[in-house]
Structure formats: structure tokens, C-alpha cells
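Chemist: Produce the entire structure from the sequences given, and follow the hints as far as they go.
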Amino acid sequence: MSKPGANATTMAAKPMLSADELEAYLRARGRAAPVSCLDGLDGYLTAVLIGPKFIDPQL
Numbered sequence: 007m008s009k010p011g012a013n014a015t016t017m018a019a020k021p022m023l024s025a026d027e028l029e030a031y032l033r034a035r036g037r038a039a040p041v042s043c044l045d046g047l048d049g050y051l052t053a054v055l056i057g058p059k060f061i062d063p064q065l
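Note that the sequence shown covers residues 7 to 65 in the working numbering.
These are computed hints drawn from the structure, not numbers from a lab. It cannot be assumed that every hint is accurate.
Unchecked claim - With a straight-line cut-off of 25 Å between C-alpha atoms, the simulated SDA-like cross-links for lysine to any residue are:
| hint | residue 1 | residue 2 |
| --- | --- | --- |
| 1 | LYS59 | PRO40 |
| 2 | LYS59 | SER42 |
| 3 | LYS20 | SER42 |
| 4 | LYS20 | PRO40 |
| 5 | LYS59 | VAL41 |
| 6 | LYS59 | GLY49 |
| 7 | LYS59 | ASP48 |
| 8 | LYS20 | VAL41 |
| 9 | LYS20 | ASP48 |
| 10 | LYS20 | CYS43 |
| 11 | LYS20 | LEU51 |
| 12 | LYS20 | ALA30 |
| 13 | LYS20 | ASP45 |
| 14 | LYS59 | LEU44 |
| 15 | LYS20 | LEU44 |
Being a predicted model, the structure only gives us computed values, none of them experimental.
Modeler: Encoded structure:
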């Protein structure tokens, strides 16, 4: 008997960005994005995770 998912194709994981590369990516997205720097991303994700209200991602 074969293992479950043995015939499924596997996708290779993309390499993780360094902090500098992530910061450059966030800045390249422009000001329309919710965050434009690593510190802003940290604060944004913290607020989303511990905030008392649901934040609709479509807004």
C-alpha cells in the first residue's frame, strides 16, 4: 500500500528573504500598502493578532 499523497507533486519552498530584502520589497510596494517598513509590519501584525475586533482583509 502506498503512502497518502505519494503521487502528489510537491512544490519547492521559496528561499526566505533576509531582513534587508524584505525591507526593500516593502518599500518598493509604495505607500498604498498598509505597511512600508519592517517596523510597521511588526506593529501591524501585532495589532491584527491581539486586536479585539475582526479586521476585514477586503477593506
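Chemist: Tell me the hint numbers this structure goes against, listed in increasing order.
Modeler: none
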